[in-house]
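Top to bottom, those sequences are chains A and B. Counting from 1, position 171 in the first sequence corresponds to residue 171 in the numbering used here; the numbering is continuous, with no gaps. Counting from 1, position 264 in the second sequence corresponds to residue 264 in the numbering used here; the numbering is continuous, with no gaps.
Hints in this document: simulated from the structure, not taken from any laboratory. One should not assume that every hint holds.
What the hints assert, rightly or not - Derived DEER-like restraints, expressed as beta-carbon distance ranges:
hint, chain 1, residue 1, chain 2, residue 2, range
1, B, N371, A, A241, 25 to 35 Å
2, A, E156, B, K223, 41 to 51 Å
3, B, K135, A, K152, 37 to 47 Å
4, A, R292, B, L366, 42 to 52 Å
5, B, E349, A, K163, 27 to 37 Å
6, A, S361, B, K234, 26 to 36 Å
7, B, K255, A, S361, 49 to 59 Å
8, B, Q356, A, E156, 24 to 34 Å
Stated by the list, open to error - If you want the footprint, here are the derived chain B segments under chain A, 3+ residues with CB under 8 Å:
hint, segment
9, 110-124
10, 334-348
11, 360-374
Said to hold, decoys possible - Pulled a few chain A residues facing chain B out of the computed Cβ check, cut under 7 Å:
hint, residue
12, M143
13, E145
14, L169
15, A170
16, D352
17, R364
18, D380
We treat Cβ as the ideally placed atom computed from N, Cα and C, and that holds for glycine.
Single-letter residue listing:
Number of protein chains: 2
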Amino acid sequence: MSLKTPSFVAANMAGNDSDIPQNIPSCWQQTVQTWKFSRRLTKYILFSFADIPGVSLKIRRFSLQIIQMPHQIYPDLLPHTINCVTFPLPGEGPEQQLLKPNEWSYCDYFWADKKDPQGTTSVAGFEVLLQKQLKGKQMQKEMAEFIHERIKIEEEYAKNLSKLSLSPLALQEEGTLGEAWTQLKKSLHDEAEVHLKFSNKLHTEVEKPLLTFRGDNFKKDLKKYDHHIADLRKQLMSRYAGVEKARKALADRQKDLEVKTQQLEIKLSNKTEEDIKKARRKSTQAGDDLMRCVDLYNQTQCKWFEEMVTTSMELEKLEVERIEWIQQHLRQYTTLRHETDMFNQSMVEPVDQLLQNVDPSKDRELWVKENKTSEVRPVDMDI
Amino acid sequence: MSLKTPSFVAANMAGNDSDIPQNIPSCWQQTVQTWKFSRRLTKYILFSFADIPGVSLKIRRFSLQIIQMPHQIYPDLLPHTINCVTFPLPGEGPEQQLLKPNEWSYCDYFWADKKDPQGTTSVAGFEVLLQKQLKGKQMQKEMAEFIHERIKIEEEYAKNLSKLSLSPLALQEEGTLGEAWTQLKKSLHDEAEVHLKFSNKLHTEVEKPLLTFRGDNFKKDLKKYDHHIADLRKQLMSRYAGVEKARKALADRQKDLEVKTQQLEIKLSNKTEEDIKKARRKSTQAGDDLMRCVDLYNQTQCKWFEEMVTTSMELEKLEVERIEWIQQHLRQYTTLRHETDMFNQSMVEPVDQLLQNVDPSKDRELWVKENKTSEVRPVDMDI
Chain A
1 MSLKTPSFVA ANMAGNDSDI PQNIPSCWQQ TVQTWKFSRR LTKYILFSFA
51 DIPGVSLKIR RFSLQIIQMP HQIYPDLLPH TINCVTFPLP GEGPEQQLLK
101 PNEWSYCDYF WADKKDPQGT TSVAGFEVLL QKQLKGKQMQ KEMAEFIHER
151 IKIEEEYAKN LSKLSLSPLA LQEEGTLGEA WTQLKKSLHD EAEVHLKFSN
201 KLHTEVEKPL LTFRGDNFKK DLKKYDHHIA DLRKQLMSRY AGVEKARKAL
251 ADRQKDLEVK TQQLEIKLSN KTEEDIKKAR RKSTQAGDDL MRCVDLYNQT
301 QCKWFEEMVT TSMELEKLEV ERIEWIQQHL RQYTTLRHET DMFNQSMVEP
351 VDQLLQNVDP SKDRELWVKE NKTSEVRPVD MDI
Chain B
1 MSLKTPSFVA ANMAGNDSDI PQNIPSCWQQ TVQTWKFSRR LTKYILFSFA
51 DIPGVSLKIR RFSLQIIQMP HQIYPDLLPH TINCVTFPLP GEGPEQQLLK
101 PNEWSYCDYF WADKKDPQGT TSVAGFEVLL QKQLKGKQMQ KEMAEFIHER
151 IKIEEEYAKN LSKLSLSPLA LQEEGTLGEA WTQLKKSLHD EAEVHLKFSN
201 KLHTEVEKPL LTFRGDNFKK DLKKYDHHIA DLRKQLMSRY AGVEKARKAL
251 ADRQKDLEVK TQQLEIKLSN KTEEDIKKAR RKSTQAGDDL MRCVDLYNQT
301 QCKWFEEMVT TSMELEKLEV ERIEWIQQHL RQYTTLRHET DMFNQSMVEP
351 VDQLLQNVDP SKDRELWVKE NKTSEVRPVD MDI
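Based on the sequences and whatever the hints tell you, model everything.
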């Protein structure tokens, strides 16, 4: 896949120089002016001759000579290669369409490396995505821990209520009031059971799933992705090194040719036309080598690109699944809370019922029947 | 108030002897027979002469002589006087109507003393009523203690939930999922507040009232009643002692008269008619004394009776109030429970709402905007 075709370069031939940075050191100003002209000229040539078979290679060779810049000194002025990855110059080429517009997809936003704000090291965009996944796993673990803490609190509460429900306090209250009181104590025990049930369900339906979701294999899988992408990056780095080496070799050959040509003109040495032809041939060969290295580089970058797209989409999917899974289980938590409150409410009802039935007259009857000392009243003593 | 008028004695003249216990020792059989006859005869006389003015006293005197029984030996055969309180013999007189029929009122069932099952001591019926009131006060105190224990449990629970709600676990979760998680933690804090509020209201609306209902004055008032009734009982005891003393004196005088009469008949001594007249006069006087003592006794018993009725009605009312008051405050308890469950339920709602809003796409957008490393994709390296 060629990311940059002659046609769209040509389409930009008339483009302005807004991509050239403003803050160029003054000693380079002249060089930059020359180069700007050269670039425009090259673009014209490319446009004119691009589609003629056989011409393309010649033109490319030629344009190399024209638009070659001492890029080792000011690398930003060429199509950006940062950390061996090549990006378009700002403003150059048509606006890039997102691979997945309106989706804020990982595959559109993590191509560049992230600079470490404190130092000079940087981290691959893919690494940022990976860290996100690892953090997600950590979040899941912490949520499980939180639920565990709630479980402990509920168990403690249940234990305390249960213990209190067995209290003998006011055990001796009798009659309808005594019944209501007994039921009140029993309802405390029932409440305890409700909270115990709640804590058990929290454990099986929320805590445990949160803990076991994506077991140990998950981290292993992430590591696999990590290594795979890192390997491809390393390959890219080595291809880029090849390009740099070829570029330098070409520059050396060109310099040599230039020097020899000048020397011939001023009859400075006994170099013959033959020597110049040889130098020119070596220069051309160096140019071909460079093109070959650039092709290899581009192929490797393509491979890395494809893998990046596939893998970042996988991570994106994993994140969607993680969020949905957590959402589902937290909803289970709130469902259990609702249930618990409803059960709790129903535990109070028998107490209400019996309290409504409290009847002092009934209680007096029961108590008097049990405790009366006589059923007759005193009478006058007889003579 | 005379509890036993000649008219209703007379109405029973033809009554049977079913009131006489069956298990009379054989040595008393003959005496009992004589007495049964005498009783019938007396009733006949009383019936016949009861309404003739001036006759009543004579008849009463006469009947005393007839129906006098060695009651000191077998007291149960006279209208029951137990511990100085006089009860009708079973079966004698018309069926007593309850002062407050169908109400199981204290004033109908606590006239007799209660025998201590283990020993020979006994406790006044009124004492049983008093103990009931004291026990009621104890019950109220124990219920307050129970509520206090619940308050402590609720405060502990609230404290634990509140502490957990401040936990930094999974604090780093972001986006819509992070918001839902934050709300979940906040709802825990809100739940804690609900339980704290519950415990505070339990304290002011249930525990404190239960503790302070009928303060220290209550026991003092009960003591007053106790002493007042006990004093009247003591008076009754001393009146009864007076009756016994007069009864004995009469028996002695009658014996003396009998002996003197016999001696005259067999000309055993030089006793004159004059001596017999004197003996008879003393006998009659002793009879009058006895009647006076009996009247005093009956008046005192009346006074005690009236106070008993008034005071036991007061205790009955206090018990009704106590039961209703406790019922009211336990209903307050269940009301607070209902409220608490409802508030608790409403605390979960914002969490449900935010969980419903959890949106993996939105979260990806937010995260990518924040963390993206580039907005352009790599392109082919140019020549």
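Under a C-beta cut-off of less than 8 Å, do 3 or more residues of the segment 110-124 of chain B approach chain A closely enough to confirm the stated coverage? n = 5 at 8 Å, threshold three: holds.
Should the interface hint for D352(A) be scored as holding, given a Cβ-Cβ cut-off of 7 Å against chain B? Holds. Min distance 5 Å.
That 24 to 34 Å hint for Q356(B) and E156(A) (C-beta), does it hold up? holds (31 Å)
Taking 42 to 52 Å as the hint, is the beta-carbon distance of R292(A) and L366(B) inside that range? Holds, since R292(A) and L366(B) (Cβ atoms, about 45 Å apart) stay within the stated range.
Is the coverage entry for the segment 360-374 of chain B by chain A consistent with the three-residue Cβ rule at 8 Å? holds (count 12)
Identify whether the interface hint at A170(A) stands, where standing means a beta carbon of chain B within less than 7 Å of its own. For A170(A), the interface hint holds, since the closest Cβ of chain B sits about 4 Å away, which is under 7 Å.
Please verify that hint: L169(A), Cβ, nearest Cβ of chain B, below 7 Å or not. holds (4 Å)
Check of the segment 334-348 of chain B against chain A for coverage (Cβ-Cβ below 8 Å, three residues minimum): Three-residue rule met by the segment 334-348 of chain B, so holds; n is 8.
Assessment of proposed distance window 37 to 47 Å (beta carbons of K135(B), K152(A)): holds (41 Å)
Is 25 to 35 Å respected by the C-beta to C-beta distance linking N371(B) and A241(A)? holds (30 Å)
Hinted contact R364(A) with chain B - closest CB pair below 7 Å: holds (5 Å)
How about E145(A): closest beta carbon in chain B under 7 Å, or not? holds (6 Å)
Of the numbered hints listed earlier, not one is contradicted by the structure.
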